[in-house]
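Asks: Protein chains in written order, with my numbering: chain G, 1 to 351; chain F, 1001 to 1351.
Quick caveat, the hints were computed from the structure, so don't treat them as lab data. Fair warning: this is a prediction, and the values are worked out from it, not measured in the lab. C-beta: ideal position from N, C-alpha, C; glycine also. Hints are supplied without guarantee of correctness; some may be wrong.
Beyond 10 Å from chain G on every Cβ pair, some chain F residues (computed) [as the list claims (entries may be wrong)]:
| no. | residue |
| --- | --- |
| 1 | 1058 |
| 2 | 1063 |
| 3 | 1087 |
| 4 | 1091 |
| 5 | 1106 |
| 6 | 1164 |
| 7 | 1192 |
| 8 | 1193 |
| 9 | 1201 |
| 10 | 1243 |
| 11 | 1346 |
Label-pair ranges, simulated between beta-carbon atoms [claimed, not checked]:
| no. | chain 1 | residue 1 | chain 2 | residue 2 | range |
| --- | --- | --- | --- | --- | --- |
| 12 | G | 37 | F | 1213 | 50 to 58 Å |
| 13 | F | 1336 | G | 91 | 30 to 38 Å |
| 14 | G | 91 | F | 1334 | 44 to 52 Å |
| 15 | F | 1029 | G | 204 | 25 to 33 Å |
| 16 | F | 1187 | G | 241 | 38 to 46 Å |
| 17 | F | 1344 | G | 137 | 43 to 51 Å |
| 18 | F | 1221 | G | 334 | 55 to 63 Å |
Each chain, written out:
2 protein chains.
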Amino acid sequence: ASPQWAAFDAAYFQSYSHVGIHEEMIKDHVRTDTYRTAIMRLQNFISGKVVIDVGCGTGILSIFCALAGAKRVYAVEASDIAVQANEVVKTNNLSDKVIVLHGRVEEVTIEEKVDVIISEWMGYMLVYESMLGSVIFARDKWLKPGGLILPSHATLYMAPVTHSDRYSESIDFWRDVYGIDMSAMLPLAKQCAFEEPSVETITGENVLTWPSVVKYVDCYNVSAQELEIITAKYRFESMMRAPLHGFAFWFDVEFNGPAMFSNSHMNDLYSHDSSQSKRKEAIVLSTAPEDAPTHWQQTLLYFFDPIDLQQDQVIEGSVTLSQSQENPRFLNIHLEYSSGGRSFVKQSVMR
Amino acid sequence: ASPQWAAFDAAYFQSYSHVGIHEEMIKDHVRTDTYRTAIMRLQNFISGKVVIDVGCGTGILSIFCALAGAKRVYAVEASDIAVQANEVVKTNNLSDKVIVLHGRVEEVTIEEKVDVIISEWMGYMLVYESMLGSVIFARDKWLKPGGLILPSHATLYMAPVTHSDRYSESIDFWRDVYGIDMSAMLPLAKQCAFEEPSVETITGENVLTWPSVVKYVDCYNVSAQELEIITAKYRFESMMRAPLHGFAFWFDVEFNGPAMFSNSHMNDLYSHDSSQSKRKEAIVLSTAPEDAPTHWQQTLLYFFDPIDLQQDQVIEGSVTLSQSQENPRFLNIHLEYSSGGRSFVKQSVMR
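Just chain G, with the same shape it has in the complex:
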């Protein structure tokens, strides 16, 4: 017997994970390299300008901006890691350029307008516990007209997935354990493994067809209100015969300069060909299953029982993401899906 839960205790996180989380994020090279590349590629928009970094953590993105020539960077961080961020800035002789503000972005004082807002605000499923609301707040309060927001756009996707290995490992496992029939465990095993969303890494091979867009966010124009309830319909045709085990969610964010932004962008998104060509010009941080894994992985909503799909079989329905009443940092996920004449509803909470 080995009581794992104790290791994940709140007290533990107040100590270890505090630094551990920052270490993990910085070591996520897909994340950090893409931000750095975007800053360097958009250096013309940053050099000599004033920047806010919303939720700067250890200050690494603020320092990238200072090294790209920013005149001044307001590095805003509510957690106590701001103390270390300030020390890092001093060590690197950037105190004249990077001003660490220890407080919530909603409460700090910044007495000038800014040219650039940078933030790494994305959570699991894009919006889970995300800080996008703080970015919107900063934009409305301080961003000059024509200013730059990095990332500029974000898209949440979903797609049907097959994942027999995972299902088998957690569920079918109990059918024969050292020759003993432990299938009495199945109902509880399904509930424990698949009631709530699961953050894990899948690959392109698990995905049954092209993804559908759940939410497209234009950071220049999005309002806090439209993020409160996100709802989308979807319709998929399976490209193969396979058991459908559930849906995967992932996101990407783009780093477009103001000039690259056009109104036709939204329309292009649903067309795969133009999406491909778009990616060639834009800098994209993708957390898709077919791309290199990141610390966000993918978020999976599994069914308790798989649905056997034929090739071209249609799966359709809707998904609604909303703040939990129980705890505002939790995310309620209401999923409706129909296939082969049967309809289902799955309600889950990301805690």
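With chain G fixed as given, assemble chain F onto it according to the hints.
Replies: Here is chain F on its own, set in the frame of chain G:
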């Protein structure tokens, strides 16, 4: 930004980990195979006899005993997984032999003496949150004279370790992050990574010399009182020149039949040669770094700063494990160590 802590929330564990913990333990083949082998090898002591399984979980060890011919098995389990254990017993048509008792071993009613006590009671560092007290309770209340306890003996070891990769990854990492000097993070990084014990898998290559015994437990004679405070002195001579990063703790347990038990056993333990030959006859479940990894891994106590050791340099001191006043399920670890004329004290808590 990705808020990991939320995924490890208490509510999460009440759902997922409940089954997940049992799945992990059963899938630890070193653990499960060794128990099964011991039961089959000691079948002569079990067949036709009455058994108690202390903390039966899903009931797998109880079923192994029934399949080995036990006349009756009392499968005692305090957590709600007892409901599933009972269903598993029914499915396997063993309801006449295996009696699942849903309750604490200290509170259930068993109206006969028993021949065998089996239990998988070992926690991290052997004694962390372990159920050995419940095994002692069962022994004193129900075990017939000459009865069998499985496992029969347990030994907690410690040894000095070197682990530059780990130290470098968590600590030196901050010295150069994308060309930025983030060494201002070092004090907090050391505190977060190394203040508390760390459960992780190391290998024999990390171990600098032969281990020292911290505690030898003879399950036939151990008292609850002698487990309250465990204290041991140690003295090591490093077999190589290397940075000393801390100490590793691990344990093994033996499954000896009553006949194999002798009073000379204790004296043999400190001699490596006889320990080797002992292992050939006894069935041993080992969690040592040089053996196959288990879900217990090893428990590491790291220093904030490594000590450079010369070959044959002596490290000596003492370790004391005791129940925390703050929370009785926590383990206080008081470590004293001296080397090269300097002395240190490290106080930590396993939560």
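Asks: None of the hints should be skipped; say for each whether it holds.
Replies: Right, here's what the structure says about each hint:
Under the 10 Å C-beta cut-off, the non-interface status given to residue 1058 of chain F relative to chain G is violated; the minimum distance is some 7 Å. The non-interface label for residue 1063 of chain F is inconsistent with chain G: the shortest C-beta to C-beta separation is roughly 5 Å, within 10 Å. Distance check on residue 1087 of chain F: its Cβ comes as close as 3 Å (rounded) to a Cβ of chain G, failing to clear the 10 Å threshold; non-interface status is violated. With a minimum CB-CB distance of about 5 Å to chain G, residue 1091 of chain F fails to clear the 10 Å threshold, and the non-interface call is violated.
Every CB of chain G lies more than 10 Å from the CB of residue 1106 of chain F, the least distance being 16 Å, so the non-interface label holds. No Cβ of chain G approaches the Cβ of residue 1164 of chain F within 10 Å, the least distance being about 17 Å, so the stated non-interface status holds. Here residue 1192 of chain F does not stay apart from chain G, with its beta-carbon only about 4 Å from theirs, under the 10 Å limit. Distance check for residue 1193 of chain F against chain G: the nearest CB is about 7 Å away, which does not clear 10 Å, and the non-interface claim fails.
The non-interface label for residue 1201 of chain F is consistent with chain G: the shortest C-beta to C-beta separation is roughly 13 Å, beyond 10 Å. Distance check on residue 1243 of chain F: its Cβ is at least 21 Å (rounded) from any Cβ of chain G, clearing the 10 Å threshold; non-interface status holds. No beta-carbon of chain G is positioned within 10 Å of the beta-carbon of residue 1346 of chain F; the least distance is around 15 Å. About 55 Å separates the C-beta atoms of residue 37 of chain G and residue 1213 of chain F, a value consistent with the hinted range of 50 to 58 Å.
Checked against the given bound of 30 to 38 Å, the beta carbons of residue 1336 of chain F and residue 91 of chain G, roughly 35 Å apart, stay inside it. Our hint of 44 to 52 Å for residue 91 of chain G and residue 1334 of chain F is violated, since their Cβ atoms are close to 35 Å apart. Our hint of 25 to 33 Å for residue 1029 of chain F and residue 204 of chain G holds, since their Cβ atoms are close to 32 Å apart. Against the hinted window of 38 to 46 Å, the Cβ-Cβ separation of residue 1187 of chain F and residue 241 of chain G comes to about 58 Å, which falls outside the hint.
Checking the proposed 43 to 51 Å range against residue 1344 of chain F and residue 137 of chain G shows it holds: the Cβ atoms sit about 48 Å from each other. Roughly 59 Å separates the CB atoms of residue 1221 of chain F and residue 334 of chain G, a value that falls within the hinted 55 to 63 Å.
Going down the numbered hints, you'll see the structure goes against 1, 2, 3, 4, 7, 8, 14 and 16, while the others check out.
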